[in-house]
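Peer 1: What follows is each chain in one-letter form.
There are 2 protein chains.
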Amino acid sequence: MSIEIEDLAARIAAGERRALSRGITLVESTRPDHRAAAEALLDRLADPDRPGALRVGLSGTPGVGKSSFTETLGLRLVEGGQKVAVLAVDPSSARSGGSILGDKTRMERLSRERAAFIRPTPAARHLGGVARRSREALLLCEAAGFDVVLVETVGVGQSETLVSRMTDIFLLLLAPAGGDELQGVKRGIMEIADLILVNKADGDLAAEARRTQADYAGALRLLRKREIDPDDFPMARCVSARTGEGVAEAWAEVERLAEWRRETGITARRRAEQAGQWFEEELRAGVVDLLREDRALAARLDRLRAAAASGESAPAAAARAALEPLRQALRGA
Amino acid sequence: MSIEIEDLAARIAAGERRALSRGITLVESTRPDHRAAAEALLDRLADPDRPGALRVGLSGTPGVGKSSFTETLGLRLVEGGQKVAVLAVDPSSARSGGSILGDKTRMERLSRERAAFIRPTPAARHLGGVARRSREALLLCEAAGFDVVLVETVGVGQSETLVSRMTDIFLLLLAPAGGDELQGVKRGIMEIADLILVNKADGDLAAEARRTQADYAGALRLLRKREIDPDDFPMARCVSARTGEGVAEAWAEVERLAEWRRETGITARRRAEQAGQWFEEELRAGVVDLLREDRALAARLDRLRAAAASGESAPAAAARAALEPLRQALRGA
Chain A
1 MSIEIEDLAA RIAAGERRAL SRGITLVEST RPDHRAAAEA LLDRLADPDR
51 PGALRVGLSG TPGVGKSSFT ETLGLRLVEG GQKVAVLAVD PSSARSGGSI
101 LGDKTRMERL SRERAAFIRP TPAARHLGGV ARRSREALLL CEAAGFDVVL
151 VETVGVGQSE TLVSRMTDIF LLLLAPAGGD ELQGVKRGIM EIADLILVNK
201 ADGDLAAEAR RTQADYAGAL RLLRKREIDP DDFPMARCVS ARTGEGVAEA
251 WAEVERLAEW RRETGITARR RAEQAGQWFE EELRAGVVDL LREDRALAAR
301 LDRLRAAAAS GESAPAAAAR AALEPLRQAL RGA
Chain B
1 MSIEIEDLAA RIAAGERRAL SRGITLVEST RPDHRAAAEA LLDRLADPDR
51 PGALRVGLSG TPGVGKSSFT ETLGLRLVEG GQKVAVLAVD PSSARSGGSI
101 LGDKTRMERL SRERAAFIRP TPAARHLGGV ARRSREALLL CEAAGFDVVL
151 VETVGVGQSE TLVSRMTDIF LLLLAPAGGD ELQGVKRGIM EIADLILVNK
201 ADGDLAAEAR RTQADYAGAL RLLRKREIDP DDFPMARCVS ARTGEGVAEA
251 WAEVERLAEW RRETGITARR RAEQAGQWFE EELRAGVVDL LREDRALAAR
301 LDRLRAAAAS GESAPAAAAR AALEPLRQAL RGA
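Sequence order for the protein chains is A and B. What the first sequence shows, in full-length UniProt numbering, is residues 1 to 333, in sequence order. What the second sequence shows, in full-length UniProt numbering, is residues 1 to 333, in sequence order.
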């Protein structure tokens with residue numbers, strides 16, 4: 001490992017924010033030499049004995065008040081002496097190159113706190129790339145000593161699953177709404193949510209928020225019972241990001257669940273599974289990169305891919321043929 | 001290739017239903033020798049010059065009447081002299097091992113037709129496996145001379161994306177509902193739908209169905225304009241699976257869009273892209289299988305995976321280390 005990486009690792013471990021930013025920029029880079037450096041950095045900072053941060057996923061459709069909720073929650077945690085990092089996973093950035101949280105002014109107060117760190121989503125060419133970078137950024141925040149890492153996502157498509165696969169606890173933020181709209185939340189998302197928080201439970205919307213909360217509480221009871229969790233989870237609660245009402249109580253529930261899962265070993269088991277899956281994904285991506293490094297193999301790959309694309313070969317058979325040189329190389333080794 | 005596979009291929013190409021069933025069972029098998037035979041079969045049947053079936057994806061939440069719509073549409077197509085195959089992609093089968101369309105009696109009349117073929121979803125361990133088998137089953141149906149292949153999915157999570165990636169045209173079936181529920185359809189699904197069909201447009205619900213259709217037509221106009229398609233696509237239409245009303249008209253729109261996309265070369269380009277993606281996915285999966293065939297490499301993989309899972313190593317760095325023998329074998333070859 002180079003001296004620079006060693007130094008960067010030390011500075012991240014010491015909690016230096018600029019070093020953390022640089023580290024995240026490194027894991028976001030697609031340059032091969034940066035990639036190798038990023039892996040070395042992450043490996044240097046890996047520590048099985050570090051208790052790590054509480055990793056919390058947060059999802060909600062645009063307009064539900066995700067940024068203000070994050071700001072209100074983040075400020076409370078900082079006041080309580082905790083260090084909070086906020087990351088974002090935006091699947092649409094794979095298409096548009098855009099980013100959520102790009103406008104940091106939406107969390108103006110939180111972003112000024114020394115104990116808080118807010119990082120917008122990187123643009124990436126595909127969803128897998130977004131996920132890889134976000135989870136590596138998460139590991140860096142953890143190594144930098146953050147107590148809580150919030151991973152935000154907009155409620156579109158596959159992003160909730162991705163985020164739930166890198167966090168310990170998943171929160172779903174909803175707006176007050178008539179009972180008819182219950183079906184607007186995908187069942188798959190209800191299934192990963194540990195807490196449903198109905199935001200905007202203030203002023204004119206307070207009563208409607210209570211009703212929405214009751215509706216979702218009922219739906220959660222119908223939907224499933226995770227035997228491994230305390231009896232009252234998953235649950236639905238009301239919060240108001242604007243007035244702050246209910247936010248501390250909701251967080252207390254998050255902490256109670258986190259404590260339970262830590263003590264029962266659920267979190268450790270879940271993290272081990274997640275890290276195993278990341279390994280598999282990295283393996284799949286890495287091996288194709290490796291094949292492409294060899295010019296003759298890359299040409300063979302391109303030829304067979306073209307045969308699959310034209311319909312001349314079945315995709316699976318073409319892929320098998322593409323792997324034949326590798327099979328032989330492994331036999332000869 | 002074995003004589004048996006050669007024979008099976010010939011019988012599938014001759015349109016023998018039992019041979020088609022056997023072929024699909026073969027692609028669904030996870031046994032390595034079956035897998036190799038399945039790939040040989042698919043490759044034998046690959047034919048870039050075959051015009052192929054019209055591949056149509058169909059999604060809708062449970063209760064919307066997907067099975068009755070499919071039956072009504074299927075019977076009409078069969079009456080019109082077309083051969084119709086119905087496949088199903090059920091992401092939940094990755095968890096439950098269950099299947100949709102399992103109850104063929106729900107399409108009792110269609111399943112008795114000689115020109116129709118209905119195949120429930122295979123159980124699979126993961127969503128990638130479900131997708132692989134479904135698209136290979138689709139290729140077999142095409143080789144067996146079906147004119148239309150309908151690929152059904154329940155509207156949960158990632159399955160619509162999977163299905164849209166293996167079809168030419170995507171239909172979304174909805175129930176009549178108040179305008180407020182518009183947000184219940186995920187934007188990502190609205191974006192892949194070429195036709196939105198509001199079912200149950202009969203009896204008491206007829207007026208509500210018209211309103212729902214108008215709402216969605218408006219939403220589609222706001223959402224996007226695919227410049228490559230005719231001006232009036234994507235569109236929303238009313239149908240009644242029960243009375244059959246609107247079904248022929250809706251299918252005429254499907255055929256008009258299909259014709260347009262065929263003539264402009266859009267379908268050919270899209271299929272080439274899809275087949276290229278399938279190739280990449282097969283490649284990724286195949287290479288990991290290959291590494292696991294070598295006992296020493298497999299042990300190394302397991303060790304490094306364990307290091308990643310325990311947090312001792314960073315997943316990406318462990319994956320890179322796992323690939324090191326491969327890198328060396330390729331250099332030596």
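These are computed hints drawn from the structure, not numbers from a lab. Think of the CB as a built atom: it goes at the ideal place given N, C-alpha and C, for glycine as much as any other residue. You may find that some hints are simply not true.
Partial pick of chain B residues on the chain A-facing surface, computed with a CB cut under 8 Å [unchecked claim]: (1) E39; (2) L42; (3) D229; (4) D231; (5) D232; (6) F233; (7) L290; (8) R300; (9) G311; (10) A318; (11) A319.
Peer 1: Each hint: holds or not?
Peer 2: Hints, one by one, checked against the model:
1. E39: 4 Å, holds
2. L42: Status holds, d = 3 Å.
3. D229: 18 Å, violated
4. D231: 24 Å, violated
5. D232: 25 Å, violated
6. F233: 20 Å, violated
7. L290: Holds: closest Cβ of chain A sits about 6 Å from L290 (chain B), inside 8 Å.
8. R300: With a closest approach of 11 Å, the R300 (chain B) hint is violated.
9. G311: 4 Å, holds
10. A318: This interface hint holds because 6 Å falls under the 8 Å limit.
11. A319: 4 Å, holds
Of the numbered hints listed earlier, those contradicted by the structure are 3, 4, 5, 6 and 8.
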